[in-house]
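Trainee: Letter by letter, the chains look like this.
2 protein chains.
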Amino acid sequence: MKTQMKHEKILLSHGSGGKLSFFLPVLENPYLESLDDGAIFSVKGEAWVMTTDSYVVDPIFFPGGDIGKLAVSGTINDLAVMGAVPRYLSLGMIIEEGFSFSDLEKILTSIQDTCQQAGVVVVTGDTKVVPRGFMDKLFINTSGIGRIPDNFRMSRKIQAGDKILINGTIGDHGTTIMGQREGLKMKSSLTSDCAPLNDLIRLLHPFGQAIRMMRDPTRGGVATTLNEIAEGTDYGLIMWEENLPTKAEVSGLCEILGLDPLYIANEGKVLIIAESSAAEKILSVLKSHPLGEDAQIIGEVVEEYPGKVVLETQFGSRRIIDMLTGEQLPRIC
Amino acid sequence: MKTQMKHEKILLSHGSGGKLSFFLPVLENPYLESLDDGAIFSVKGEAWVMTTDSYVVDPIFFPGGDIGKLAVSGTINDLAVMGAVPRYLSLGMIIEEGFSFSDLEKILTSIQDTCQQAGVVVVTGDTKVVPRGFMDKLFINTSGIGRIPDNFRMSRKIQAGDKILINGTIGDHGTTIMGQREGLKMKSSLTSDCAPLNDLIRLLHPFGQAIRMMRDPTRGGVATTLNEIAEGTDYGLIMWEENLPTKAEVSGLCEILGLDPLYIANEGKVLIIAESSAAEKILSVLKSHPLGEDAQIIGEVVEEYPGKVVLETQFGSRRIIDMLTGEQLPRIC
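Each protein sequence line maps, in turn, to chains A and B.
Per the working numbering: the first sequence = residues 249 to 581.
Per the working numbering: the second sequence = residues 249 to 581.
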């Protein structure tokens, strides 16, 4: 907590700096120190993963999804990027008094649909109702567990020459939410990318150790996630701007709102760092899946710029892409 | 959802009617239908349990604990009453912008202390910060998993003659919280019973199938939990009023506030239904533990009053103790 004590109060930006920033100094233990999207534990020689996420998105219904679909997808994706096949979810709902039953039913139906699509099951749940005015509408926590197949062990170490892949366009979720909040409900086909990725990621299991690691670039976007990967390693990560798949509508809306799609949350994207020789084959497997049609090889691991992320522009110039500093968009997920 | 649609809006009372009342109609599956405090799943022949709970208690600091100790204890207890040895917890925090760091540090320290005391570990976590005014201070979700020892399988079926035991006084937690909220900060030693019960409950494992079932009487108190146990069975549950351990301060404050300790939340209590012949031995084991000093045999399973809970008063009269109807105390846990 020492490094935090300079702020006496929690700021909005504290909600965006990785999953565990507050917990580590007090709850010190080897599971948390791995700083992963989930914790690996062993049961009779099987590797299992546990993860948790709370969702406070506003608005709770948005083009492409709602808080229920988001909560199920997010936890499934945290398990899937750890290499696990998601199995069981828990569902904790905190609901404001006066919330409408028909909206609750829509959200539960969306949760059930997403679970069925992804082949997971909500095995346990809890609801709390808070008096009107003491919270805003509905917050959801989903925790989940899943098993890593015996033959799929990522090395989790990157090497120079490794390629960086993504399964599609960046910034769709956060831009959609911001557009809704700003009242920019223009005639737009802009939708959240919110989706469970376990079916897509399962296609990558046969690549085994050629997959170094995977991460879902949610809060803080691709830039933040790549910085977290590079940090503390001897390698830099170069992104090739011309290969970064970005929808024109996302770029346009980000320009209006003064945002950079690189820092905007995604909810149906996976970043994959893979051995160079397997990258093209992985790309074609990604493209074979509906959630990977716009997949690209977006960069590579280099020996220059250790610990840094660098964007190589379409004109060949390079600039450091830092961690996001200061306030981030609140209630994006 | 059909039975709920008569209310168009969520009421405070919806937060108190058991863990799953909203989910069942939509998320229908065999895990949820068991209506237990957690879900049992199997890994290579081992029985594991997963559970979740959100905590919105107000005030967040109270005599005997705080929201952190409560969140860890509550989830540990849900696992322990399912017969599991709690192992791994997740921790999801939703924090209002402006919340003080020193309070957060106190709560995290309390979480860590409770975990160490109980021998569990927070393996994964998440924080979200919500703009000021869109929620009240701090909400916590803890989910947990644990393993049921191979030699401890409760029958989970009650039989006439079985005895009902509790490890101590009733209503302490809820009464403490209400007292704080009503500003009745009298010179009182009234404290929440909030505590992890896994160490106590582990002492009962050697009784094996003589333990029919266990439940923690949290929201809705002993009366609600016993009603849930009796419901749908061919048996009634009789409680002997003179054996119900109740602190004079709890009775007194409940009288002032117009409450009944039987319906008040406990956070460090376990109800045990056990084979009659083992009841006295179980009682003495409970009493040997600091969290069971005030344990009592409080009633028995009978063939009369099928599906009902009945209180036998000190004068020998009997009255039905119903499920709580209408609004329950909000934000007790």
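Treat the hints as calculated values from the structure; they're not laboratory data.
Incorrect hints may appear among the rest.
One copy or two, either will do: identical chains are not told apart, so a pair holds if it fits within one copy or between any two.
[Unchecked claim] No more than 30 angstroms apart at the CA atoms, straight line, and that leaves these computed lysine-lysine pairs for BS3-like:
1. K529 / K385
2. K354 / K257
3. K385 / K354
4. K385 / K257
Trainee: Each hint should be assessed against the structure and marked as holding or not.
Mentor: We went through each hint and held it up to the structure:
1. K529 / K385: Neither. Shortest intra-copy (45 angstroms) and inter-copy (49 angstroms) distances fail the 30 angstroms Cα cut-off.
2. K354 / K257: Between copies only: 14 angstroms across, 36 angstroms inside.
3. K385 / K354: both (14 angstroms within a copy, 28 angstroms between copies)
4. K385 / K257: both (24 angstroms within a copy, 11 angstroms between copies)
The structure is inconsistent with hint 1 alone, although it conforms to all the rest.
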